[in-house]
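Student: Line by line, the protein sequences are chains R and C. All residue numbers for the first sequence refer to the numbering used here, where the first residue is 14 and numbers rise by one. All residue numbers for the second sequence refer to the numbering used here, where the first residue is 154 and numbers rise by one.
The set of hints was computed from the structure by calculation and includes no laboratory data. Mixed in with the good hints, there may be bad ones.
[Said to hold, decoys possible] The calculated EDC-like cross-link candidates involving lysine to aspartate or glutamate, where the alpha carbons are at most 16 angstroms apart (straight line), are: (1) 110(R) with 52(R); (2) 131(R) with 159(R); (3) 131(R) with 264(C); (4) 110(R) with 69(R); (5) 85(R) with 264(C).
[Claimed, not checked] Simulated coverage check for chain R against chain C, where a stretch passes if three residues somewhere in it have a Cβ under 8 angstroms from a Cβ of chain C: (6) 100-108; (7) 184-190.
Predicted model only: the values in this text are computed from it and were never measured. Glycine included, each C-beta is placed from N, C-alpha and C at the ideal position.
Okay, here's what each chain looks like letter by letter:
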Amino acid sequence: MNKSFLALLIILGFVITQNSEKVIARQGQVSFFSYTSVENIKAENNQVSSIIDLQEGTIAVDMLMNAFIFEKALMREHFNESYIESDIYPKATFEGKILNFDANIQGTQVKMIKGVFKMHGVSKEIEIKTKIENNNDSYLLSGVFETFVEDYNINIPPLLAGNIAKSIEVNFKFEYLPYDN
Amino acid sequence: MLLGVLITGLISAVLVYNYVFNSAHRDISNEEATVSLSAKAIFEQFQTNEALATTNYLDQVIEMKGDVTSIEDNDVVLSSAVQVSFNSQETLKFQKGEQITIKGRCVGYDELLELVKIDQSTLIK
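All chains, please: the whole structure from these sequences, using the hints.
Tutor: Okay, here's the thing in structure tokens:
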């Protein structure tokens, strides 16, 4: 009785310490696409950081807007100076929870992540379908979602309205490794 | 007369096209740094007043020195305070503890990592 109870405690302790760990992505990739008949715009940010608390299933993302790379310098200028106003709002953040997440499942699972995305001073509740691949405690999160320019108080001058799509396609890919705080 | 108008029109069109499509991206490695300071110093400024530090440093070319506390594929961390990412695979030659001076563009402060971020960097010494 005592021995098995002790063994159970040890195993339980091991399991608990295994789970209350955080994983971090330091060079997450986020890219967005705007398709119009006038022109297609694409931008990529490879410096996005994110932390997941595996036990709680919570996720936080921090994205510096100035780090987006555009094909054309002029697009970058418009983006930072007029649309996003990155000198006033240098970052976009996301805080949310992975619904029904089981950190122990190996291989692929598809889950919904629900939370608040904040950009250009505007906070929006969003839900994103995400593919989570667990490969020996390194996690790969990826997905696509759609977001609307007008939701974020972004002012596009009438002259350029045809160049920027109303709905923007956002792709993300984050690779998480164990984080020793 | 008409020929003159046509030629002017053509030249303007070429200039506008060039401006819109071929504006050169900034070459940070060739720009002069607007300020030179230590990694710790810039970190402290962002920690104390992020909005002010953002106004002062965002998008500026900074010359910075610090000791290498961490090395990854494309970036190093200086003084556990600033993450510096490079244009090329220059990180391969650094050693932990080495004092280096770099020049790069300030992208902002990452709250999750608690690091100031610099990109498009080149090694000065």
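Student: A separate judgement is required for each hint: does it hold in the structure or not?
Tutor: Hints and how they fare:
no. : hint               : verdict
1   : 110(R) with 52(R)  : violated (36 angstroms)
2   : 131(R) with 159(R) : holds (15 angstroms)
3   : 131(R) with 264(C) : holds (14 angstroms)
4   : 110(R) with 69(R)  : holds (8 angstroms)
5   : 85(R) with 264(C)  : violated (29 angstroms)
6   : 100-108            : holds (count 4)
7   : 184-190            : violated (count 0)
Of the hints listed earlier, those the structure fails to meet are numbers 1, 5, 7, in rising order.
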